[in-house]
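The primary structure of each chain is shown beneath.
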Amino acid sequence: MNIYLNLFLTFAKVGVCTFGGGYAMLPILQREIVETRHWATDEELSDYFAIGQCTPGIIAVNTATFVGAKLKGPGGGIAATLGVVFPSIVIITIIAATLSNFQSYPVVEHAFNGIRACVCILIINAVIKLSKSSIVDIPTAILFVTVFLISAILGLSPAILVIICGILGLVIKRTHKKASAETKDKP
Amino acid sequence: MILLELFFEFFCIGLFAVGGGLATVPFLTDLSIRTGWFSLDQLTNMIAISESTPGPLGVNMASYVGYEIAGIPGAILATLGLITPCLIIILIVIRCLQKFRNSQNVASIFYGLRPASTGLIAAAGWSVVCLSLIHITRPEGQFFPTAVEVSWSCLVLSAIILVLTHIKYTQKVHPVIWIALSAIAGAIFKL
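Protein chains in written order, with this note's numbering: chain H, 1 to 187; chain V, 1001 to 1191.
No lab work stands behind these hints: they were computed from the structure.
SDA-like cross-link-like pairs, simulated, lysine to any residue; straight-line CA separation at most 20 Å:
hint, chain 1, residue 1, chain 2, residue 2
1, H, 13, V, 1181
2, H, 177, V, 1102
3, H, 177, V, 1104
4, H, 70, H, 39
5, H, 72, H, 34
6, H, 132, V, 1166
7, H, 70, V, 1097
8, H, 178, V, 1103
9, H, 132, V, 1165
10, V, 1099, H, 44
11, V, 1172, H, 41
12, H, 132, H, 43
13, H, 129, H, 36
14, H, 70, V, 1106
15, H, 72, V, 1101
16, H, 173, H, 141
Cβ pair distances, simulated, as ranges:
hint, chain 1, residue 1, chain 2, residue 2, range
17, V, 1146, H, 149, 17 to 25 Å
18, V, 1026, H, 177, 40 to 48 Å
19, H, 73, V, 1146, 53 to 61 Å
20, H, 180, V, 1180, 45 to 53 Å
21, H, 98, V, 1036, 24 to 32 Å
Just so we're clear, the structure is a prediction, and the values are computed from it rather than from any experiment.
Glycine residues also receive a C-beta, built at the ideal position from the N, C-alpha and C atoms.
Construct all of the structure, not just a fragment, from the sequences and the given hints.
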């Protein structure tokens, strides 16, 4: 199959399977992009999410552009991005045109309570998978716990947290290098 | 003309809304007040619909607003407006990253970014847990919660999914199957 068409269809599938925003997309991306198609690694996915947090725009779109462009340049990025938004346009148009108060039907409400209960487990599983490549030593474990607590309790802007952690990563690696160089110098 | 305006307005939202779908809400509130294209009541409805349909939240909102104002062409142009800035910015970021791919400093920055990204995703997971499994009542300005309410039936469903996604035989089942089964279970057992 044409690679552009493949990118479009794969990301359209990801778009259909995602309920409730960018983060809910992660378990589906891990399955479709990492495990089935090997277009990216778990590590790269978490990099894309981190960058997506501090660049403008929707995280799902950012991630689609990243994967597509990595595979096939700007054209691939565009194909993947159009794929991820295509189902939304179709589904929303149908809903807006037919049942504008569909979310107030009790059966829909109950179904979504079920979906939410499932999505939180899927996200937790995704975090466990990601942590294998992102939490590699004590400093990264401390960063993870701190960011989780600050974000979950205080609700500070993700962009600021990501930028601070990037700078901290640089500082930690630098001081670590210096320290190991000093111990090497000693006889 | 309204189509061009739609494209331009959503282009600006895409350019300035940093950090995920709900970041577009304040911009849409502003758009509603400035243009009168839709009311704030309608916006609340749009958020509820966008949250309960598949697809990224921001994109759903753009499609919905676009459709309400100018039909199907409106839905398409508003969405394209929203995603164009991200597309351009990410393509530039990729160029820059490729240039500095072998830089030790970039590797060090990512060493710090990865746990942050994982932590943020865990926090997003926690917010879904708060939305569906446990309801914590915390009065404004107070740190300790006054009441914690657990919805046991949802918790049971979550526990079942957790076990099934880790058992050897059902591990490989596609995540969307679990989502569909949970929706059915929710509708049948009135969760």
